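**Q** In order, the protein sequence lines correspond to chains A and B. First residue of the first sequence? That's 1 in the numbering used here, and the numbers climb one at a time after it. First residue of the second sequence? That's 1001 in the numbering used here, and the numbers climb one at a time after it.
There's no promise every hint is true.
Far from chain A by the CB rule (all over 12 angstroms, computed), these chain B residues [claimed, not checked]:
# : residue
1 : Leu1024
2 : Glu1035
3 : Asn1052
4 : Ile1111
5 : Ile1121
6 : Leu1193
7 : Asp1195
Taking lysine-lysine and the BS3-like style, the derived pairs with C-alpha atoms no more than 25 angstroms apart in a straight line are [stated by the list, open to error]:
#  : chain 1 : residue 1 : chain 2 : residue 2
8  : A       : Lys4      : B       : Lys1142
9  : B       : Lys1029   : B       : Lys1105
10 : B       : Lys1011   : A       : Lys181
11 : B       : Lys1004   : B       : Lys1029
12 : A       : Lys181    : B       : Lys1207
Hints are computed from structural coordinates only; laboratory data are not their basis. If you're wondering where the values come from, they're calculated on a predicted model, not measured in any experiment. We put the CB at the ideal spot given by N, CA and C, even for glycine.
There are 2 protein chains.
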Amino acid sequence: MGKKVSMAVIKRLPRYYRYLNDLLKVEVKRISSKELSERMGITASQIRQDLNCFGGFGQQGYGYNVETLYNEIGKILGVERRFSTIIIGAGNMGNALANYTNFQKRGFDLIGIFDINYNRIGQKVNGIEILHTDELDDFIKKKNVDIAILTVPSRNISEVAEKVVELGIKGIWNFSPQDLKLSHDVVVENVHLSDGLAVLGYRLKEKEENNSSN
Amino acid sequence: MGKKVSMAVIKRLPRYYRYLNDLLKVEVKRISSKELSERMGITASQIRQDLNCFGGFGQQGYGYNVETLYNEIGKILGVERRFSTIIIGAGNMGNALANYTNFQKRGFDLIGIFDINYNRIGQKVNGIEILHTDELDDFIKKKNVDIAILTVPSRNISEVAEKVVELGIKGIWNFSPQDLKLSHDVVVENVHLSDGLAVLGYRLKEKEENNSSN
DNA sequence: TAGATTGTTAATCGATTAACAATC
DNA sequence: TAGATTGTTAATCGATTAACAATC
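Take these sequences, add in the hints, and give me the full structure.
**A** Structure follows, in C-alpha cells:
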C-alpha cells in the first residue's frame, strides 16, 4: 500500500527499459546488477535498490532474467495500457511528434491532430487528418481522450491547456517554454527544450574556462 | 577556486531566467526571493542558496533588481557567447528544431543542416540549404562549429556522433533514444523524448490506481 | 531609524552507496 | 556443496530547508 516511490527512481525506469530492450535484441538471457551497472554507468547498488521498490525481480546467485525484467518494467510504466492521445498545434514540432513511431510502441495511440490555422485543416499527418481546434470540444467528449500533447505557441498555452483539462483530459505533455499552472488536478510533463540547450551552453562555456585556466 | 556548482542548481537556472524575463516584460523592477518563490513554487531559501553559488546579486532589505539578475543569469548561462551550431538529420525533428527561433535568442546560431538523403539536398529549411553529410568534414573544418544537434535515426547515432567529435565538435545535443558513449571528451545533453512520455504514462496510471483504491 | 530581506551557517531530509546475511 | 548475487539494512553523501545575524 502506497510505498511512495520517488521521482528519481521513476525517471530512471525508461532508461532501464531501453537497456533491457537492447539486451533482448542481442539475445542476452540473464544479467547481474553488476554487469548492468557497468553498461549503464550507475552503481549496482542503485539498480537493486531501484528495482526493489517494485518487487524482487531477481534471483540470488543468478541475477535477473532479461525478458522477465523487461516485461515487469514495461508493466510498471504502463506499456500494456493504451493511452489515446491528441496533438494540438500542427506546426513543425507537432508534425515531428505525429510522425514519431516510438509513441505507438510505448502505448500511446495518436487519434487526433488539431490546429487553429484553416490552411492546415484537412491535410493529413501520418495518416491522420488535421481538424480545427473548434472541434476539440466534440472530439474529446466523443472519443474519451487521455492525453494532449501541446505544441502551440507560448502565448496560447495556458488557454489551450485550461480548455482541454476542462474537457476531461488527464495528462498534458507540454512543449511550450511556459510553465503551466492549472486549476484542475491533471498530470503535466514539461519538455522545455531550450532549457536543455541552455544547460549544454553552460557546460560548454564552463569547460572552456576550466581548460584555459590550467 | 572551482566552487563546483551542482547540476541540480544549474538545471534550475534556465527556469529562473524565464521567470525573470516574464517579470521584465510586465515591467516589474524588483523582486524578493519570497515573492519569486511563490510564483515559481519553490522555497525562497532555495532561490537564495542557488543564486549565491554565483555571487551576491541581491541587496538586504530590498531584494533583487529584476533586470540585473536577469542579465547576470544570462551571463552565467553564456547567452552573450555565440555558439555556432549545425543540425544533422533533416527529418521532421530536424526541421522543427531548425525553425525554432528561440535558439537564436539564446546564443545558438544555426549555420548548417545536413542529411544523408539526396532528395533533401539543396532544399532550404529556415533559409539554410541542406547539405549532404559527405560535406560535413569540409564544413566543420572550415567553419569552426561548436555544437551538433543530432536528429538522425538511432541506428546511425553512434557513428555520426563519433564522426563529429573527431572533427572537433565540442557539444552534442542528442535527440536519439540511444545513449551516447564517446571516446572523446565532449559535452553531451540527451533529450530522450519518449522517456518523458513514459514517465507521464506512469504517473497517469498510478493516479488512476490511487483514485480507484479510495 | 525601523522594517525588510539578503547571505550564510546549521539542521533536516532524502537519495545514493556500502555492506552483508539470506539464499539460489 | 561452494560460489555468486540478490534483497535489505545501515552508513554516507548531497541537496533542501530553516534560522538568523548582517546590513541595506
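**Q** Taking C-beta pairs only, is B/Ile1121 more than 12 angstroms away from all of chain A?
**A** Its Cβ never comes within 12 angstroms of chain A, the nearest being 20 angstroms, so this holds.
**Q** Taking the minimum C-beta separation from B/Glu1035 to chain A, is that value above 12 angstroms?
**A** holds (15 angstroms)
**Q** Over 12 angstroms to the closest beta carbon of chain A is the bar; see if B/Asp1195 clears it.
**A** Its Cβ does come within 12 angstroms of chain A, the nearest being 4 angstroms, so this is violated.
**Q** For B/Leu1193, is the shortest CB-to-CB distance to chain A above 12 angstroms, so the non-interface label stands?
**A** The assertion about B/Leu1193 is violated, with a minimum of 7 angstroms to chain A.
**Q** Per the stated criterion, does the least C-beta distance between B/Asn1052 and chain A lie above 12 angstroms, as a non-interface residue requires?
**A** holds (17 angstroms)
**Q** Quick one, are B/Lys1011 and A/Lys181 close enough, alpha carbons at most 25 angstroms?
**A** Holds, at about 20 angstroms.
**Q** Take a quick look at whether A/Lys181 and B/Lys1207 sit within 25 angstroms of each other, Cα to Cα.
**A** Within the cut-off at roughly 19 angstroms; holds.
**Q** Mind checking the alpha carbons of B/Lys1029 and B/Lys1105 for me, to see if they're no more than 25 angstroms apart?
**A** The given pair, whose Cα atoms are some 22 angstroms apart, holds under the 25 angstroms limit.
**Q** Please confirm whether B/Ile1111 is truly not at the interface, meaning its C-beta sits more than 12 angstroms away from all C-beta atoms of chain A.
**A** holds (15 angstroms)
**Q** Please settle this one: B/Leu1024 was flagged as non-interface, so is its CB more than 12 angstroms from every CB on chain A?
**A** At roughly 15 angstroms from the nearest Cβ of chain A, B/Leu1024 sits farther out than 12 angstroms, so the non-interface label holds.
**Q** Between B/Lys1004 and B/Lys1029, is the straight-line Cα distance small enough, at 25 angstroms or below?
**A** Roughly 31 angstroms separates the two Cα atoms, so the pair is violated.
**Q** Just to be careful, I want the Cα atoms of A/Lys4 and B/Lys1142 compared with a cutoff of 25 angstroms; is the pair within it?
**A** Since the Cα atoms of A/Lys4 and B/Lys1142 sit roughly 54 angstroms apart, the hinted pair is violated (cutoff 25 angstroms).
When the structure is compared with the earlier hints, violations turn up for hints 6, 7, 8 and 11 and for no others.
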